[in-house]
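K.L.:
Residue numbers (the numbering used here), protein chains in the order written: chain A, 1 to 113; chain B, 114 to 225.
Calculated directly from the structure, the hints in this document are not laboratory data. No false leads were mixed into what you were given.
Rough simulated footprint, nothing fancy, chain B against chain A, three-plus residues with beta-carbon under 8 Å: (1) 27-39; (2) 42-56; (3) 98-106.
For every residue, glycine included, the Cβ atom is placed at its ideal position computed from N, Cα and C.
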Amino acid sequence: EPEVTQTPSHQVTQMGQEVILRCVPISNHLYFYWYRQILGQKVEFLVSFYNNEISEKSEIFDDQFSVERPDGSNFTLKIRSTKLEDSAMYFCASTGTLVNEQFFGPGTRLTVL
Amino acid sequence: SQKIEQNSEALNIQEGKTATLTCNYTNYSPAYLQWYRQDPGRGPVFLLLIRENEKEKRKERLKVTFDTTLKQSLFHITASQPADSATYLCALVGGGGNKLTFGTGTQLKVEL
Chain A
1 EPEVTQTPSH QVTQMGQEVI LRCVPISNHL YFYWYRQILG QKVEFLVSFY NNEISEKSEI
61 FDDQFSVERP DGSNFTLKIR STKLEDSAMY FCASTGTLVN EQFFGPGTRL TVL
Chain B
114 SQKIEQNSEA LNIQEGKTAT LTCNYTNYSP AYLQWYRQDP GRGPVFLLLI RENEKEKRKE
174 RLKVTFDTTL KQSLFHITAS QPADSATYLC ALVGGGGNKL TFGTGTQLKV EL
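Chain A on its own, in the form it takes in the complex (with noise of 0.2 Å):
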């Protein structure tokens, strides 16, 4: 059964550096998020991707967060200057429509010290 995939499974960086997570979504799905979740917290939604552009993004996603999809098969999350408040499980899904549920990967865990 295909699945989303995400490298690293757990990052560890220094506060300031610049950190990117991986994800390799469904092969033929077509809409890309990202959420994060806090330690104990809910699931926050940081961003929607399709057609190479960013579709929506919230409060959370400043300039410090970018996305990218490089390839036909991966799709990024790049933080550039790490905060200690970035500490969180990120998680990378994907959707073959809008109206059918999301998939998820199993997470990234980021511990910014």
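Starting from the known structure of chain A, fit chain B onto it as the hints suggest.
P.N.:
For chain B alone, kept in the frame of chain A given last:
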């Protein structure tokens, strides 16, 4: 502002009973609503979707209702099993890219 509330307390039930989870929302008119299951340290897994013009949806032991007047959805698991123990998330769908806006989730524990 938009608000989605789920039972904040954990729900403990006995195996074989029906679990009922509640999702209430305000300042929102979703076209549809989804329920997901999340296990510790894992990503959400889709369970059911219900549209605004549907009152009820079923899938095996799962049932979802959607009352747009009350702004509430109920999620039922019948004949519950210990394997059903997890956190259940209600998600409203909207926005240009059909983003999911999640509730805080309800932790369900099914005991033998």
